[in-house]
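> So the chains spell out like this:
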Amino acid sequence: MANNPKLIESAPPIAAQRLCKSFGEHIVLNGIDLAVARNETLVVLGRSGTGKSVLLKLIVGLQQPNSGSIRIHGQEIAGVEMDELSTVRKKIGFLFQQAALYDSMTVGDNVEFSLLRHTKLSEGERKTRVGELLAGVGMDG
Amino acid sequence: MSLIVVMAALTNYSTFPWRSRWLDFWRGVKGLLKSFFEWFGDLGFFCGRVARAAVSAPFEGSELIRQMDAIGAKSLPLVALAGAATGVVLSLQTRDSLARFGAKALLPAIIAFSLIKESGPVITGLVVSGRVGAGIGAELGSMKVTDQIDAIEVGAVNPYRFLAATRVLACILMLPLLTLAADACGILSGWVSSTLTESITLRHFLASGMKDVRFNDFLPPTFKTAAFGLIIGLVSCFQGMRTQGGTKGVGRSATSSVVLSSLFIILADVVLVRVIQVFFPS
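Taken in order, these protein sequences are the chains called Y and E.
The numbering of the first sequence is numbering that gives the first Met the number 0, which starts it at 0 and goes up by one.
The numbering of the second sequence is numbering that gives the first Met the number 0, which starts it at 0 and goes up by one.
What the hints contain is simulated information worked out from the structure, not anything from laboratory work.
Remember, predicted model here, so these are calculated numbers, not experimental data.
Where a beta carbon is used, it is the ideal one built from N, C-alpha and C, also for glycine.
You may find that some hints are simply not true.
[Said to hold, decoys possible] Facing chain Y, from chain E, some residues (calculated, C-beta under 10 Å):
#	residue
1	R48
2	S55
3	S113
4	E117
5	M142
6	I151
7	D216
8	T254
[Claimed, not checked] With a Cα cut of at most 27 Å, we get these calculated DSSO-like pairs of lysine-lysine:
#	chain 1	residue 1	chain 2	residue 2
9	E	K247	Y	K56
10	Y	K126	Y	K89
11	E	K210	E	K29
12	Y	K119	Y	K90
13	E	K247	Y	K51
14	E	K247	E	K103
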């Protein structure tokens with residue numbers, strides 16, 4: 000699919016319609032409808048194995064739904080190729096259960112990883128920014 | 000009526016235990032065949048993604064250089080040692096046989112041809128598949144089970160480009176260079192071994208060994224190791240990035256990366272030797 004994602008800032012940040020996901024015979028999500036408005040905080044609660052993580056992975060495009068629609072700022076992301084999702088993903092913050100830091104890098108390199116790839120900052124500016132961010136959580140750059 | 004009784008008996012597995020065992024065996028074979036074809040199908044999709052990521056911007060130049068250092072420069076001592084050992088063994092083993100036929104003067108040429116055309120490339124491929132294949136399988140496997148690969152993807156970086164394409168390209172580029180090192184060390188150690196038994200100058204040894212070596216003897220076997228690099232990189236990255244099952248899964252990925260890439264290198268060598276003979280006759 001060669002569509003170029005264009006985010007509509009006025010559209011709801013997250014909207015899902017009739018979302019279905021199954022693994023083999025096991026149906027995890029069956030027709031989920033969801034809309035999260037700007038500045039709204041939504042908590043998804045449920046017992047283990049009820050599909051909370053699957054729902055989040057569908058929203059960030061780590062898994063594809065069997066059917067249904069997921070829109071981030073109005074942009075459909077279901078069925079979109081990995082590279083085309085980049086624009087959408089730059090708008091999303093995602094914290095994994097196990098933190099998922101790149102353990103072969105220092106903390107500073109972890110923070111710099113996205114700055115290096117998604118900004119045009121010079122090396123000095125990047126280092127300054129990393130230092131500021133780490134100082135914000137009480138760590139030395 | 001009797002037909003119904005026979006049918007009922009046939010469906011009663013306890014009456015005919017061999018039938019139950021046969022059905023279990025058949026289910027097992029079907030499962031294995033299904034996994035076999037699924038593995039190749041998944042590998043095909045993986046190759047497509049890696050190829051697309053490798054030729055599209057943004058390019059991960061600094062990561063590629065880092066991988067070339069990790070895969071190439073850090074494998075050099077092991078590859079050089081393996082090449083040197085092969086040169087010594089070739090010299091020791093063939094000297095007596097050649098002396099028996101009065102062809103001892105051919106020893107330098109036999110060492111050079113054997114190393115350049117076959118031993119050097121295959122030994123380099125197998126040594127690198129052991130060292131690098133296990134490393135890539137374990138590293139990517141452990142990244143997979145700790146969600147680091149998903150984190151890279153969520154961070155709007157294509158993991159097929161950042162993790163797989165860089166490693167595959169580094170393997171393709173470094174294998175021919177490592178093969179040159181293995182060949183050089185093998186010929187040099189072959190000379191050392193020869194001259195310890197019967198004194199011969201290095202200049203004479205090289206002149207005698209290399210005088211009949213043509214580009215068709217040297218370039219195709221050296222560059223076929225780029226195909227070995229492709230195999231090592233693709234198989235190891237594929238096995239690593241599909242790891243499941245925690246630390247046990249990481250161990251399985253590391254082992255299967257080495258086993259499968261070594262197996263495919265041996266099979267590819269058979270095919271490539273024939274292809275080289277057809278397209279680059281000596």
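> None of the hints should be skipped; say for each whether it holds.
Evaluated hints:
1. At a threshold of 10 Å, the smallest CB-CB gap from R48 of chain E to chain Y is about 8 Å, leaving the interface hint in force.
2. Interface hint status for S55 of chain E: upheld, as the beta-carbon distance to the closest one in chain Y is roughly 7 Å, under 10 Å.
3. Checking S113 of chain E against chain Y by beta carbon gives a least distance of about 40 Å; that is not within 10 Å, so the hint is violated.
4. Interface restraint check: E117 of chain E against chain Y, minimum CB-CB distance 37 Å, threshold 10 Å, status violated.
5. Satisfaction of the interface hint for M142 of chain E is found here, the shortest Cβ-Cβ separation to chain Y being roughly 8 Å, below the 10 Å cut-off.
6. Because the smallest distance between the Cβ of I151 of chain E and any Cβ of chain Y comes to about 8 Å, under 10 Å, the interface hint for this residue holds.
7. Nearest Cβ of chain Y to the Cβ of D216 of chain E: about 42 Å, over the 10 Å cut. The hint is violated.
8. The beta carbon of T254 of chain E comes no nearer than 21 Å to any beta carbon in chain Y, farther than 10 Å, and the hint placing it at the interface is violated.
9. For the hint linking K247 of chain E to K56 of chain Y, the alpha-carbon distance of about 24 Å falls within 27 Å, and the restraint holds.
10. About 20 Å separates the Cα atoms of K126 of chain Y and K89 of chain Y, which keeps this hinted pair within 27 Å; it holds.
11. Only pairs whose Cα atoms come within 27 Å are accepted, and K210 of chain E paired with K29 of chain E is rejected, the gap being roughly 56 Å.
12. For the proposed pair K119 of chain Y and K90 of chain Y, the alpha carbon gap of about 17 Å is at most 27 Å, so the pair holds.
13. Annotation: proposed proximity of K247 of chain E to K51 of chain Y holds, straight-line Cα distance about 26 Å (limit 27 Å).
14. Our distance criterion of 27 Å between C-alpha atoms is broken by K247 of chain E and K103 of chain E, whose separation comes to about 53 Å.
The structure fails hints 3, 4, 7, 8, 11, 14 (numbered hints given earlier, in ascending order).
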